[in-house]
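Engineer: Input sequences plus hints: build the corresponding full structure.
Numbering (numbering that gives the first Met the number 0), first residue to last: 0 to 328.
Read the hints as simulated data drawn from the structure, not as lab findings.
Computed list of lysine-lysine pairs in DSS-like fashion (alpha-carbon distance at most 25 Å, straight line):
#1 Lys56 with Lys18
#2 Lys215 with Lys138
#3 Lys56 with Lys108
#4 Lys290 with Lys200
#5 Lys108 with Lys306
#6 Lys306 with Lys276
#7 Lys179 with Lys194
#8 Lys215 with Lys163
#9 Lys179 with Lys271
#10 Lys20 with Lys219
#11 Lys23 with Lys75
#12 Lys20 with Lys218
#13 Lys138 with Lys179
#14 Lys31 with Lys100
#15 Lys215 with Lys20
#16 Lys215 with Lys226
#17 Lys31 with Lys219
#18 Lys283 with Lys179
#19 Lys187 with Lys283
#20 Lys179 with Lys276
#21 Lys271 with Lys306
If you anchor each label on the Cβ, the simulated ranges turn out as follows:
#22 Asp270 with Glu33: 41 to 47 Å
#23 Ser191 with Asn86: 35 to 41 Å
#24 Lys218 with Arg106: 29 to 35 Å
#25 Asn294 with Glu126: 36 to 42 Å
#26 Tyr289 with Val254: 31 to 37 Å
#27 Asn294 with Asp90: 55 to 61 Å
#28 Ser191 with Asp90: 41 to 47 Å
#29 Gly178 with Glu229: 38 to 44 Å
#30 Ser82 with Asp270: 40 to 46 Å
#31 Thr325 with Leu98: 36 to 42 Å
Backbone N, C-alpha and C define an ideal beta-carbon position, used for all residues, glycine too.
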Amino acid sequence: MKDRDSRRGSGITDTFAEKFKSSKFYTEIYCKHEDEVIIGIRDGYICLYYNCDCISKIIENGNTISGTINNYYIGKNNNCTDSCVSNISEDDIVSLYPLIKEQSDNRNKYEKQAQQKLFMHNNNNSESNWFCIDVEYTKSLEGNDKAEDWRFDIIAISKSKPYKIALIELKYGCGAIGGKSGVRTHIKDFYSFHKNDGTNKFGFTELKEEIVSIVKALKKVGVSIPKEIEGLTENDISMAPEFYFITLDNNSQSVNGSTPKQTMSGYLFDDKRWNCKRISTLVKREGDFYKLTENDTTFSPVFLFSKETLPNIRITDIIEDNLYETEHI
Numbered sequence: 000m001k002d003r004d005s006r007r008g009s010g011i012t013d014t015f016a017e018k019f020k021s022s023k024f025y026t027e028i029y030c031k032h033e034d035e036v037i038i039g040i041r042d043g044y045i046c047l048y049y050n051c052d053c054i055s056k057i058i059e060n061g062n063t064i065s066g067t068i069n070n071y072y073i074g075k076n077n078n079c080t081d082s083c084v085s086n087i088s089e090d091d092i093v094s095l096y097p098l099i100k101e102q103s104d105n106r107n108k109y110e111k112q113a114q115q116k117l118f119m120h121n122n123n124n125s126e127s128n129w130f131c132i133d134v135e136y137t138k139s140l141e142g143n144d145k146a147e148d149w150r151f152d153i154i155a156i157s158k159s160k161p162y163k164i165a166l167i168e169l170k171y172g173c174g175a176i177g178g179k180s181g182v183r184t185h186i187k188d189f190y191s192f193h194k195n196d197g198t199n200k201f202g203f204t205e206l207k208e209e210i211v212s213i214v215k216a217l218k219k220v221g222v223s224i225p226k227e228i229e230g231l232t233e234n235d236i237s238m239a240p241e242f243y244f245i246t247l248d249n250n251s252q253s254v255n256g257s258t259p260k261q262t263m264s265g266y267l268f269d270d271k272r273w274n275c276k277r278i279s280t281l282v283k284r285e286g287d288f289y290k291l292t293e294n295d296t297t298f299s300p301v302f303l304f305s306k307e308t309l310p311n312i313r314i315t316d317i318i319e320d321n322l323y324e325t326e327h328i
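Structural biologist: As structure tokens, this is what we get:
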């Protein structure tokens with residue numbers, strides 16, 4: 000395993016990449032199911048994602064490669080949060096793939112399913128100005144017991160210089176707006192990452208290096224990369240990232256109910272913008288968006304809302320699709 004402070008792609012050696020591309024993890028799972036499987040570059044290993052669930056963690060093991068999988072996906076327990084894993088061979092993952100898909104689908108994690116579709120639809124659209132390079136991105140730094148609080152559901156890069164980086168949080172429906180993992184928490188976490196740049200913490204300067212490393216590694220392991228971003232360097236990337244909050248299923252659940260957009264406004268602002276019907280007590284007690292972000296005008300996330308729902312999400316450009324309503328702060 001590579002040092003956790005190293006850049007992700009540096010752990011994917013040429014020999015590891017060649018072993019992976021010669022394996023059934025690649026030829027039978029990824030290549031034959033490229034419309035539903037994502038390759039994620041991690042710190043010295045590769046993840047295969049279905050529904051944005053990691054269905055195999057693949058490492059280099061001497062002269063071979065090997066995989067592990069959460070027992071839930073192969074029917075050995077009923078809870079995928081259980082940390083118990085099993086080794087899985089190339090042949091086993093091929094034979095068990097229908098079961099793995101079924102187990103993942105049965106979780107009914109709509110947000111993760113939508114996340115996968117946005118990623119896939121965008122990258123299958125050659126006319127999109129963006130290319131998605133990672134899902135479920137977080138960083139566990141050396142000396143820390145856990146990963147950083149911030150996490151990006153999707154990272155995308157534009158296809159023209161200076162390359163823009165989109166750091167994306169996805170919400171699906173009204174139930175995703177409040178609570179412990181709601182929009183207020185993610186605003187605070189994204190702002191924390193925003194403030195890290197130029198400090199001794201992991202910020203955008205470091206993330207740019209990581210992105211370059213990931214793009215190189217993706218190409219190395221056999222992912223089709225747009226020619227526009229081949230040869231990417233940190234100097235080609237914009238000075239600051241763009242933060243996006245994407246909300247799908249922006250529909251009210253009853254005739255007089257609030258949409259997720261209206262609900263989100265109530266959790267972030269005290270002025271009833273976006274036709275908000277009710278302001279959360281959290282805004283009154285702990286402060287609005289501006290207090291959460293210390294009135295920092297350099298942090299200005301973009302909010303994208305769409306009525307699109309599973310299973311037939313029609314969005315094919317993850318940022319610039321005309322099926323979005325766009326709100327700027």
